[in-house]
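Peer 1: What follows is each chain in one-letter form.
4 protein chains.
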Amino acid sequence: MRDLRIGVVGVGMMGADHAERVARRISGARLVAVSDPDMDRAGALAATFGDVRAIDDPLALIGDADVDAVVIASPGFAHAEQLTACLEHAKPVLCEKPLTMDAESSLRVVEAEHKLGKQLIQVGFMRRFDPEYAALKELLDSGELGRTLLLHNVHRNRTVPATFRSEMIVRDSLVHEVDVARWLFGAEITRITVHAPRPSGLVGEGVQDPQLAVFEMANGAMADVEVFVNCQVGYEVRCEAVGEKGNATIGLGVDVLTRRAGHWGGVVPDDFRVRFGLAYDLELQRWVDAVAKGTIDGPAAWDGYAAAAVCTAGVRSLQEGRPVEVEMVPRSEVLG
Amino acid sequence: MRDLRIGVVGVGMMGADHAERVARRISGARLVAVSDPDMDRAGALAATFGDVRAIDDPLALIGDADVDAVVIASPGFAHAEQLTACLEHAKPVLCEKPLTMDAESSLRVVEAEHKLGKQLIQVGFMRRFDPEYAALKELLDSGELGRTLLLHNVHRNRTVPATFRSEMIVRDSLVHEVDVARWLFGAEITRITVHAPRPSGLVGEGVQDPQLAVFEMANGAMADVEVFVNCQVGYEVRCEAVGEKGNATIGLGVDVLTRRAGHWGGVVPDDFRVRFGLAYDLELQRWVDAVAKGTIDGPAAWDGYAAAAVCTAGVRSLQEGRPVEVEMVPRSEVLG
Amino acid sequence: MRDLRIGVVGVGMMGADHAERVARRISGARLVAVSDPDMDRAGALAATFGDVRAIDDPLALIGDADVDAVVIASPGFAHAEQLTACLEHAKPVLCEKPLTMDAESSLRVVEAEHKLGKQLIQVGFMRRFDPEYAALKELLDSGELGRTLLLHNVHRNRTVPATFRSEMIVRDSLVHEVDVARWLFGAEITRITVHAPRPSGLVGEGVQDPQLAVFEMANGAMADVEVFVNCQVGYEVRCEAVGEKGNATIGLGVDVLTRRAGHWGGVVPDDFRVRFGLAYDLELQRWVDAVAKGTIDGPAAWDGYAAAAVCTAGVRSLQEGRPVEVEMVPRSEVLG
Amino acid sequence: MRDLRIGVVGVGMMGADHAERVARRISGARLVAVSDPDMDRAGALAATFGDVRAIDDPLALIGDADVDAVVIASPGFAHAEQLTACLEHAKPVLCEKPLTMDAESSLRVVEAEHKLGKQLIQVGFMRRFDPEYAALKELLDSGELGRTLLLHNVHRNRTVPATFRSEMIVRDSLVHEVDVARWLFGAEITRITVHAPRPSGLVGEGVQDPQLAVFEMANGAMADVEVFVNCQVGYEVRCEAVGEKGNATIGLGVDVLTRRAGHWGGVVPDDFRVRFGLAYDLELQRWVDAVAKGTIDGPAAWDGYAAAAVCTAGVRSLQEGRPVEVEMVPRSEVLG
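Chains as they are written, first to last, in the numbering used here: chain U, 119 to 454; chain V, 119 to 454; chain S, 119 to 454; chain A, 119 to 454.
In short, the hints are calculated from the structure, not lab data.
Heads up, a few of these hints could be off.
You can't tell identical chains apart in this list, so a pair holds if it fits in one copy or across any two.
[Said to hold, decoys possible] Okay, derived cross-link-like pairs now, EDC-like style, lysine to aspartate or glutamate, Cα gap no bigger than 16 Å in a straight line:
{"hint": "1", "residue 1": "Lys363", "residue 2": "Asp388"}
{"hint": "2", "residue 1": "Lys233", "residue 2": "Asp121"}
{"hint": "3", "residue 1": "Lys236", "residue 2": "Glu206"}
{"hint": "4", "residue 1": "Lys233", "residue 2": "Glu451"}
{"hint": "5", "residue 1": "Lys363", "residue 2": "Asp259"}
{"hint": "6", "residue 1": "Lys411", "residue 2": "Asp186"}
{"hint": "7", "residue 1": "Lys255", "residue 2": "Asp373"}
{"hint": "8", "residue 1": "Lys411", "residue 2": "Asp121"}
{"hint": "9", "residue 1": "Lys209", "residue 2": "Asp184"}
{"hint": "10", "residue 1": "Lys236", "residue 2": "Asp415"}
{"hint": "11", "residue 1": "Lys363", "residue 2": "Glu262"}
{"hint": "12", "residue 1": "Lys209", "residue 2": "Asp186"}
{"hint": "13", "residue 1": "Lys233", "residue 2": "Asp174"}
{"hint": "14", "residue 1": "Lys209", "residue 2": "Asp182"}
{"hint": "15", "residue 1": "Lys233", "residue 2": "Glu206"}
{"hint": "16", "residue 1": "Lys209", "residue 2": "Asp407"}
{"hint": "17", "residue 1": "Lys209", "residue 2": "Glu199"}
{"hint": "18", "residue 1": "Lys233", "residue 2": "Asp259"}
With the hints as constraints, model all of the structure from the sequences given.
Peer 2: Written out as structure tokens, the structure is:
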């Protein structure tokens with residue numbers, strides 16, 4: 119199967135990140151083009167990969183015959199036009215949130231795609247792909263905790279630029295928890311209150327940070343969200359779901375922490391493939407990358423020999439019930 | 119750059135896992151061949167990928183002109199011959215532990231590779247690639263905790279087959295901590311004691327499980343290891359490193375937990391790329407896989423519209439200091 | 119100094135608990151009388167202690183010349199009259215919450231005490247005495263986290279009797295967090311919203327459980343509280359305080375968990391008096407209780423001998439660098 | 119029942135701590151005398167309590183007719199003589215560890231007590247009274263984890279004085295884990311190895327710190343112990359017990375952490391008496407202490423009024439489904 123040829127529109131922090139992801143870590147895909155109003159930035163990024171074109175006009179990238187699919191990471195105000203172009207060229211597109219800047223223009227995009235009769239647009243609400251959120255969703259859907267009644271969310275950034283105003287905190291930060299609540303509850307939000315507690319003295323004049331939002335869901339359930347984008351600590355995202363029979367929290371750094379029937383805790387993995395699956399992926403990716411450069415990037419044959427020598431002594435210690443010296447040829451004798 | 123064409127020798131649990139990894143998750147590599155004494159198993163696995171050959175003879179796979187590099191996941195007793203073949207054909211090889219079955223044959227492999235004048239062999243001590251172990255190594259090497267004096271290790275499997283005898287616990291399980299100790303200390307193990315505490319009543323007659331090993335390192339430091347491969351709980355691997363000025367533990371499910379100067383704790387990530395990096399990788403991999411099938415696998419344009427409608431109401435709530443109803447066109451009106 | 123002679127009014131669960139506390143665990147105090155409408159219950163409880171009178175009329179207990187101070191643990195509707203009696207007799211009183219059933223009657227109690235010119239009434243908002251809450255208060259007051267902006271509270275009981283109605287959830291449960299917010303912020307609550315999310319299907323018809331309250335403080339800060347008194351799990355009380363420079367959580371079972379400047383974590387105790395202070399208290403209390411009965415309740419001289427024998431062998435092992443057998447006279451030879 | 123009159127022998131750090139404990143926190147006991155070679159220190163301490171005598175000669179204190187029971191907190195070399203005196207006067211005694219300085223003298227004490235036909239001596243192995251150790255013991259004895267096979271212990275102090283030599287680390291520190299292993303296993307230690315890993319560079323010349331001890335128990339089980347009394351971090355004491363069906367750890371600051379059948383976790387308390395029992399004890403102790411001085415030390419009537427006012431508004435908010443302003447008389451109008 120031929121690799122999917124991908125073009126990235128907008129190569130600021132997020133877009134550059136996606137470009138590298140496609141180029142170096144995603145299987146079955148190839149980065150072929152990037153586009154940015156700042157052509158120097160686009161050109162410099164393209165050059166780091168080799169065989170990637172920098173294209174001036176994002177619409178040209180979208181229409182290019184050698185681009186199979188598009189990642190949009192441009193500023194939100196540019197999304198409507200670029201999405202429309204993707205639909206016109208029938209190109210699958212992964213669009214960073216927000217879809218567009220307001221509900222009306224978003225609705226027009228939905229309608230245009232619906233007329234095509236084919237889903238081409240995916241929106242970058244990436245929490246659905248985080249293993250912790252995915253496990254929480256699975257747990258809630260299993261019904262083990264009863265119906266979900268409440269969500270408590272925390273969304274904190276260490277700091278944001280002074281240009282990040284109160285409304286952007288809603289549109290660019292809170293929007294993630296809007297999707298989380300809709301997705302976890304499987305219901306729309308019907309009413310929203312965004313409270314304005316006394317703001318931190320460490321943010322710019324007139325910026326309302328933190329904010330405390332309350333969502334009322336179509337099914338009667340509720341969610342609260344603290345958004346605090348200048349919390350000074352670091353990046354903290356947590357979600358606690360409260361069900362009729364128990365509750366579960368993610369974002370504590372311990373996978374899904376559940377509480378039910380007198381116990382709190384988590385899961386011990388079944389086997390090494392769960393615990394070390396990512397380590398195996400990294401091992402192979404780094405080995406493949408190193409082999410492409412004619413080298414290795416990990417434990418060498420000598421390490422295999424040393425381990426064998428220790429295990430041989432270990433088996434003897436076990437059999438004889440005493441400490442055993444490890445016998446090894448000095449490394450310099452073998453490897454010079 | 120052309121993808122590295124990889125052949126996998128041995129497609130039991132571990133080998134099949136590696137084959138899928140190469141085929142589906144590793145960028146820059148392509149699975150082209152698998153080999154196994156059980157040709158039915160090899161054939162069935164190859165068929166799941168398409169365009170992958172099942173080759174009878176592992177040495178034929180290793181020598182095949184269309185195989186650039188080899189992953190060896192066959193039983194340990196077959197490694198020596200297969201590694202020798204890799205060296206003869208100058209093929210880079212990632213060999214699952216153990217390198218070979220004893221120190222003497224391992225030494226011969228080391229010497230043969232050394233004669234070639236080029237490192238072709240990497241051994242599958244995969245803990246070095248686990249993000250937690252890697253972070254621990256980095257912390258210890260930074261010197262922040264002073265010199266490392268002691269390691270406490272725990273290595274537990276839920277259960278193993280009854281054929282897994284006392285010596286295999288040393289050679290196949292403890293061997294991981296042998297490498298961990300050598301790697302973290304940067305020193306060889308000079309003496310080993312493997313204690314035999316009273317065995318669990320839940321293991322087969324004559325199997326010594328758990329075992330308690332003590333390593334004495336060339337630099338005078340020490341390590342202890344509990345190996346308990348029928349612990350009934352699940353897969354638990356932990357390592358605590360004790361330095362002159364503090365200590366650090368991994369495997370608790372909370373990344374690196376440190377204790378120093380009156381405090382215990384861990385790190386809050388700097389930004390979303392650290393916390394959600396894996397989520398972004400999964401988002402793109404699943405999007406690429408879905409697009410190849412002509413669909414999407416994630417939040418759709420409608421989800422983008424719904425979020426925009428909620429955020430519009432949220433901004434109004436913030437500005438007007440009151441709850442605001444969310445206005446949305448009913449889904450059925452738009453999408454039918 | 120003579121022990122304070124205490125009478126307890128109301129010996130339901132809470133009052134019986136307080137009676138036992140005074141009788142057995144509080145130094146400098148003596149339980150002398152209990153009172154309850156159910157004289158059988160009062161009598162039975164008094165009999166378990168010896169030398170404690172059961173008194174029919176709570177006002178008689180309060181007025182009794184041999185009672186120095188009073189603990190009120192009767193139902194809330196009886197508090198106003200009993201508090202008034204305490205004030206009239208100038209008896210110090212510790213009154214379980216609520217002070218009285220409504221704001222108006224509470225205000226009259228405050229005014230009556232104020233007229234006396236002496237504080238005699240303490241209210242049973244016991245969270246202020248919990249070591250975790252006290253440590254949180256100290257941390258917030260230190261200013262290390264900047265000004266406190268938000269509190270997130272969780273207050274859950276496994277279940278409550280069906281007679282516990284929606285209003286009681288506010289008056290008897292939420293009231294604790296009312297005090298916590300006032301105390302931690304050092305400010306009054308000026309506005310309150312109690313939301314009614316969809317109720318759990320496991321509570322009685324018409325009972326609003328859980329509830330989600332939002333407090334707006336006089337200083338502009340805010341607090342939210344989930345109260346869920348039929349959460350099915352157990353008793354969970356948590357409080358997260360969000361400051362301008364960091365945040366701190368209690369109730370996770372790990373003392374105060376803080377997050378600031380890129381780190382999360384807690385405190386490692388300075389020495390054994392912090393870590394084991396409670397163990398020493400319990401050791402001495404149990405020894406005193408046992409000695410009063412002519413026995414001991416802890417490790418005996420034989421345990422001291424056995425430890426000495428092991429340590430003697432341990433010192434030799436350290437000096438000689440080898441395992442050493444422990445030499446002990448068989449227990450039966452010495453103790454028969 | 120009359121309070122037990124207690125004398126404390128030796129008022130260094132440990133003895134002074136015990137004296138205060140008896141005087142202020144232990145119910146049913148009264149501190150009547152202290153003794154110390156440094157009479158100034160003894161006198162000063164006695165003076166802080168009032169009505170406590172400072173007695174020059176420890177044997178005089180032990181023999182004093184007004185002393186019912188003795189706490190020995192003198193240096194270990196003085197214990198043998200003082201214990202003998204307690205036995206002669208038939209005084210119950212709680213003796214800090216070690217019982218005596220070596221196995222031989224300890225055995226003589228055991229024999230002397232045995233001849234009396236009555237247990238008068240309790241040894242200060244206080245871990246048995248720590249709620250976490252006690253819960254671990256109860257769990258292991260329940261058989262839920264199967265037979266216990268291994269213990270892993272960690273015992274760390276931040277620093278100790280330079281006079282604390284290698285042998286003292288065994289006799290004064292490791293001795294606690296000697297008792298823990300004997301107590302948890304219910305079996306004697308038959309063989310001990312004390313390993314000497316490379317010492318920390320932060321301890322005095324010639325001091326072996328850390329040490330790594332291995333105990334072999336009469337029942338075949340084993341225990342390892344890291345003792346590191348200059349670990350620089352703080353006071354850390356942990357114990358992990360490994361059973362045939364699961365394992366349990368204490369000392370992580372989260373009570374007993376268990377792992378079994380695919381899950382790790384702990385217990386959510388049944389009710390507030392478990393979670394807040396200590397808070398109630400502290401509330402009453404501080405109230406009693408304050409009342410004795412004619413004051414209160416906790417929330418006042420005003421706090422009860424304020425809470426009532428908020429709850430009244432909260433009930434209305436719940437009933438009317440909207441935010442409600444809290445109505446309170448200004449504090450200054452009532453309290454001036």
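Peer 1: Does each hint fit the structure? Answer for all of them.
Peer 2: Now for the hints, and whether the structure bears them out:
1. Proximity of Lys363 to Asp388 under the C-alpha cut-off of 16 Å is restricted to the inter-copy arrangement: shortest distance 15 Å between copies versus 25 Å within a copy.
2. Taking the closest pair of Cα atoms, Lys233 and Asp121 never come within 16 Å of each other, the shortest separation being 29 Å inside a single copy and 39 Å across copies.
3. For the homomeric pair Lys236 and Glu206, the shortest alpha-carbon distance inside one copy (12 Å) is at most 16 Å, but the shortest distance between copies (53 Å) is not.
4. Taking CA atoms no more than 16 Å apart as the test, Lys233 paired with Glu451 passes between copies only; the shortest distance there is 13 Å, against 74 Å inside one copy.
5. Proximity of Lys363 to Asp259 under the C-alpha cut-off of 16 Å is restricted to the intra-copy arrangement: shortest distance 13 Å within a copy versus 31 Å between copies.
6. In the homo-oligomer, the alpha carbons of Lys411 and Asp186 lie at most 16 Å apart only across protomers (13 Å), although the nearest pairing inside one protomer, at 29 Å, exceeds that limit.
7. In this assembly of identical chains, the alpha carbons of Lys255 and Asp373 lie at most 16 Å apart only when taken from the same copy (13 Å versus 23 Å across copies).
8. Taking identical chains as interchangeable, the C-alpha atoms of Lys411 and Asp121 lie at most 16 Å apart only when they sit on different chains, with a minimum of 12 Å there against 22 Å within one chain.
9. Taking CA atoms no more than 16 Å apart as the test, Lys209 paired with Asp184 passes inside one copy only; the shortest distance there is 11 Å, against 34 Å between copies.
10. In the homo-oligomer, the alpha carbons of Lys236 and Asp415 lie at most 16 Å apart only across protomers (13 Å), although the nearest pairing inside one protomer, at 44 Å, exceeds that limit.
11. In this assembly of identical chains, the alpha carbons of Lys363 and Glu262 lie at most 16 Å apart only when taken from the same copy (8 Å versus 25 Å across copies).
12. Taking CA atoms no more than 16 Å apart as the test, Lys209 paired with Asp186 passes inside one copy only; the shortest distance there is 6 Å, against 35 Å between copies.
13. For the identical chains of this complex, Lys233 and Asp174 are neighbours neither inside a copy (30 Å) nor across copies (53 Å), given an alpha-carbon limit of 16 Å.
14. When the C-alpha separation of Lys209 and Asp182 is checked against a cutoff of 16 Å, the pair qualifies only within one copy, where the shortest distance is 10 Å, while the shortest distance between copies is 39 Å.
15. For the identical chains of this complex, Lys233 and Glu206 are intra-copy neighbours only, at 11 Å inside a copy versus 61 Å across copies, given an alpha-carbon limit of 16 Å.
16. Proximity of Lys209 and Asp407 under a CA criterion of 16 Å is satisfied inter-copy only: 15 Å between copies versus 30 Å inside one chain copy.
17. For a Cα distance limit of 16 Å, the shortest separation of Lys209 from Glu199 inside one copy, 14 Å, qualifies, whereas the shortest one across copies, 50 Å, does not.
18. Within a single copy, Lys233 and Asp259 get their C-alpha atoms no closer than 32 Å, and across copies no closer than 59 Å, so neither meets the 16 Å cut-off.
When the structure is compared with the earlier hints, violations turn up for hints 2, 13 and 18 and for no others.
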